[in-house]
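There are 2 protein chains.
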Amino acid sequence: MNISPDLIGYLAAALTTASFLPQAILTIKTKDTDSLSLSMYTLFTLGVLCWLIYGVYLSNKAIIIANAITFILAASILSFKIYNTVFKKN
Amino acid sequence: MNISPDLIGYLAAALTTASFLPQAILTIKTKDTDSLSLSMYTLFTLGVLCWLIYGVYLSNKAIIIANAITFILAASILSFKIYNTVFKKN
Numbered sequence: 097m098n099i100s101p102d103l104i105g106y107l108a109a110a111l112t113t114a115s116f117l118p119q120a121i122l123t124i125k126t127k128d129t130d131s132l133s134l135s136m137y138t139l140f141t142l143g144v145l146c147w148l149i150y151g152v153y154l155s156n157k158a159i160i161i162a163n164a165i166t167f168i169l170a171a172s173i174l175s176f177k178i179y180n181t182v183f184k185k186n
Numbered sequence: 097m098n099i100s101p102d103l104i105g106y107l108a109a110a111l112t113t114a115s116f117l118p119q120a121i122l123t124i125k126t127k128d129t130d131s132l133s134l135s136m137y138t139l140f141t142l143g144v145l146c147w148l149i150y151g152v153y154l155s156n157k158a159i160i161i162a163n164a165i166t167f168i169l170a171a172s173i174l175s176f177k178i179y180n181t182v183f184k185k186n
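These protein sequences, in sequence, are chains A and B. Read left to right, the first sequence gives residues 97 to 186 (my numbering). Read left to right, the second sequence gives residues 97 to 186 (my numbering).
Okay, chain A solo, but in the shape it has when bound (with noise of 0.2 Å):
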């Protein structure tokens, strides 16, 4: 069986975005942010910010088409994650 690399690419990609969207309803869902990290969401929110900003300069519209979808998901996670750490914890 021969398998083109860009296939791999494109399920690498698909599923390392669409594996947010389970998170993200959990969490929405649940409201429980116990056993997420602060610290994971805030840098990989900043990292999905800076492969959008990346995927801009480059033109490249997968790149940018995968990196704003997860770029919600994410930022949506990390509201939650920093709300529940502002108001129910202190």
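No lab work stands behind these hints, which were simulated from the structure alone. Hints are not guaranteed to be accurate.
Any copy will do: because identical chains look the same in the list, a pair fits if it lies in one copy or spans two.
Here are the simulated DSS-like cross-link-like pairs (lysine-lysine), alpha carbons at most 27 Å apart as the crow flies [claimed, not checked]:
1. K184 to K127
2. K177 to K125
3. K184 to K125
4. K177 to K127
5. K157 to K184
6. K157 to K127
7. K177 to K157
8. K157 to K125
Since the model is a prediction, treat every value here as computed from it, not as a measurement.
Assemble chain B onto chain A, guided by the hints.
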């Protein structure tokens, strides 16, 4: 100020890779995975494995190193989630 697109790309890769370290540390320390999505970590770990295979296909060291690190971190978090789901909840 003139920022090179490559610098933004490296910063993006460093941030999204490094972000999984505080999550892995938190999960290993607390063993709490209640608010982590099993679907997210399953899809994400598979996706990172595809990125790793893609990097090997392209002989691209940056893709290989970043995704090898992320794979170890994501697989560790996934292992705790699977253990808790199988042995703690049923």
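Hint by hint, work out which the structure violates, then give me just those numbers in ascending order. Of the numbered hints given earlier, those the structure breaks are 5, 6, 7, 8, listed in rising order.
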